[in-house]
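2 protein chains.
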Amino acid sequence: MPELILTTYDWVPEPPRGYVRDLRIRWALEEANLPYRVESTPFKDRQADHFAKQPFGQVPWLTEGDKTIFETGAILIYLGECSELLLSRDPAKRLVSIEWMFAALNSMEMASVPWSLFKFFGDTGDTWAPKFFDDWVKTRVKHLEPVLAKHEWVVDTFSIADIALADVLRLINRFNGLEDQPACQAYVERATSRPAFIKAHADQLAHFAAADAHKR
Amino acid sequence: MPELILTTYDWVPEPPRGYVRDLRIRWALEEANLPYRVESTPFKDRQADHFAKQPFGQVPWLTEGDKTIFETGAILIYLGECSELLLSRDPAKRLVSIEWMFAALNSMEMASVPWSLFKFFGDTGDTWAPKFFDDWVKTRVKHLEPVLAKHEWVVDTFSIADIALADVLRLINRFNGLEDQPACQAYVERATSRPAFIKAHADQLAHFAAADAHKR
Chain B
0 MPELILTTYD WVPEPPRGYV RDLRIRWALE EANLPYRVES TPFKDRQADH FAKQPFGQVP
60 WLTEGDKTIF ETGAILIYLG ECSELLLSRD PAKRLVSIEW MFAALNSMEM ASVPWSLFKF
120 FGDTGDTWAP KFFDDWVKTR VKHLEPVLAK HEWVVDTFSI ADIALADVLR LINRFNGLED
180 QPACQAYVER ATSRPAFIKA HADQLAHFAA ADAHKR
Chain H
0 MPELILTTYD WVPEPPRGYV RDLRIRWALE EANLPYRVES TPFKDRQADH FAKQPFGQVP
60 WLTEGDKTIF ETGAILIYLG ECSELLLSRD PAKRLVSIEW MFAALNSMEM ASVPWSLFKF
120 FGDTGDTWAP KFFDDWVKTR VKHLEPVLAK HEWVVDTFSI ADIALADVLR LINRFNGLED
180 QPACQAYVER ATSRPAFIKA HADQLAHFAA ADAHKR
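So the sequences go chain by chain: B and H.
Residues in the first sequence are numbered consecutively from 0, following numbering that gives the first Met the number 0.
Residues in the second sequence are numbered consecutively from 0, following numbering that gives the first Met the number 0.
It is worth saying that the hints were derived from the structure and are not from the lab.
Note that the structure is a prediction, hence the values are computed from the model and not measured.
Treat the hints with care, as some may be off.
A pair holds if it fits inside one copy or across any two, identical chains being indistinguishable in the list.
Straight-line distance between alpha carbons at most 30 Å, and here's what the computed DSS-like set of lysine-lysine pairs gives [to be verified]:
| hint | residue 1 | residue 2 |
| --- | --- | --- |
| 1 | K130 | K198 |
| 2 | K214 | K92 |
| 3 | K130 | K92 |
| 4 | K214 | K118 |
| 5 | K43 | K130 |
| 6 | K214 | K149 |
| 7 | K66 | K130 |
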């Protein structure tokens, strides 16, 4: 198996640290005990070779030999197919994992990322949109609550669906969007207590902190 | 193979007609020549049996025997695995399709759906958010333009990635968001000229029109 290389930005400002999407891939790689190394691409001056790897100029992407994969959802499925620790070989369980990955990325995050912008940017002077997105996120987490009250993980055992869903909920929780949803909160707590998450999170913070140190 | 049943709302208001997400699944089923029938679930009064099938109270879901699948992304992958007409059996091509499905649903649509709300609702009195989302969608389609200028379809042949991406772009195009992107426009034109799309679209419109007729 050729070496796995995860590419992320060389630096990001303070607010997104701990939330940059390479985290989802670091987490999966740690869960599966797959060796990898991290490379950097400029955050501030994104060049053509970046867009050749990631057409939208985002991060991360994963390289394995001459293969490059972008989009965290696609990378998670790819790694899931490399390791049973991330995705069950049972067709029914595999399907539920994939279902919930899309639920996290297309149903939950489509509401929560716009919502989080208003939290990041503070008072924008708008009145309609902050309320609209707040209602949207609240409806989503309200429907998620009974599901997570019944399940330790989305399928029986931890899978890529939990990486996607817990990371989406973690951002909602950062801005107190899970206040009325104890099962969602407990799920985030469970997920982020896993040694693989703790290492992935610490490694991302260290990566960006090292960039600061290098600048001084 | 047990019968495939696609469930959508019994009725929706005029504006979303032609854009309800069952369209993506109808389109895939038509492309693959898979026989199916359509069932309805109440739009206005969503009951527990709806949330049991689709935890967020959305549509569609697909039933096959005792199996129920929700999330259009997951259903498209499932159907792709049923039919080579939707997803290549070549691992590298399959990966590119899955990559671009996530690009459509998690990178493009996360910007375009919030953006479309301001188009649907007209002047909300907000000033910051409409501009923010407009810039976001413009940046995304600007980066997509050179990719689609070089490819007839995302992979060599039509796949589930094109269903997801073309349907996302179709909504952007509805509100003139592709004005400066001729390759994106031509791609939407190519995709929506396919007989499978034309039938899927006409069938969805007829389904909701029949509900109107039934009410009178």
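Hints and how they fare:
{"no.": "1", "hint": "K130 with K198", "in the structure": "neither (36 Å within a copy, 38 Å between copies)"}
{"no.": "2", "hint": "K214 with K92", "in the structure": "neither (47 Å within a copy, 41 Å between copies)"}
{"no.": "3", "hint": "K130 with K92", "in the structure": "neither (37 Å within a copy, 42 Å between copies)"}
{"no.": "4", "hint": "K214 with K118", "in the structure": "within (29 Å within a copy, 44 Å between copies)"}
{"no.": "5", "hint": "K43 with K130", "in the structure": "between (32 Å within a copy, 22 Å between copies)"}
{"no.": "6", "hint": "K214 with K149", "in the structure": "neither (48 Å within a copy, 39 Å between copies)"}
{"no.": "7", "hint": "K66 with K130", "in the structure": "neither (43 Å within a copy, 37 Å between copies)"}
The structure shown violates the earlier hints numbered 1, 2, 3, 6, 7.
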